[in-house]
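Based on the provided sequences and hints, a complete structural model is requested.
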Amino acid sequence: MHTTLTKFLDRPASIVAPELLGCILEREINGHIMRVKIVETEAYDETDAASHSFNGRTQRNDTMYGKSGYLYVYFTYGMHYCCNVVTDKEGIGSAVLIRAVEPLEGVEYMNELRNRVGNELTNGPAKLCQALGIDRRLDGHDLSQLPFRLIVPSRDTPLRIVQTNRVGITKAKDVQWRFYIEANEYVSKP
DNA sequence: TGCCTGATGTTCT
DNA sequence: GAACATCAGGCAC
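487 is the number that the working numbering gives to position 100 of the first sequence; each next residue is one higher, with no gaps.
If you're looking for bench data, these hints aren't it; they were derived computationally from the structure. The C-beta atom is built at its ideal place from N, Cα and C for all residues, glycine as well.
Estimated spans, in silico, between C-beta atoms of each pair:
1. GLU492 with ARG542: 18 to 26 Å
2. ASN417 with ARG503: 18 to 26 Å
3. TYR464 with GLU499: 19 to 27 Å
4. VAL504 with THR434: 35 to 43 Å
5. ILE548 with ARG523: 28 to 36 Å
6. GLY478 with ILE556: 19 to 27 Å
7. LEU546 with ARG503: 21 to 29 Å
8. GLU492 with THR544: 19 to 27 Å
9. VAL539 with GLY465: 28 to 36 Å
10. GLU415 with VAL504: 21 to 29 Å
11. ARG523 with ALA570: 32 to 40 Å
12. LEU533 with ASP449: 18 to 26 Å
Structure below.
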């Protein structure tokens, strides 16, 4: 694990989530390189009723309790994957859900994987997983290395970030742990 | 444009 | 057996 990345991610999810906005994800699959920018995130931790880690460590959420800088992928609604970046110290069940990304490179191959175009390509957690070819085989993957890598760019101009309540959940809806880049067309609808 | 619903597997009660 | 951090398609307006 890359030490700079560890230092960046080794903090509470609610702190890391807004700072992940604007970061780059690089995915390599079948020789294709795809690069996307994170534009929407949500924080989850064990104090949070909507989090997978709220009811303690289980086989499914084990990755969330591991070291920061790894990928937590889970399967939901019978047909969708969602991906999270594990944050905070080992033993703490916290992660940041990647809700939307903006394609930068390899858009053609994303289109091929998802059979959609435009902002419908990656403007939702399950959509971006499909576009980037992410499934449970990547659960627990080290995000400092390909085939799926997180790159934290040096920040030049501050981003315009909006903080709201989370969406698509039934518990703890009023917790303001959703963050997105203002006026970005790839941010999910609600 | 917007609500409703079906699809469908895994996890936990 | 129910809930689920979802999406896409259908149909009404």
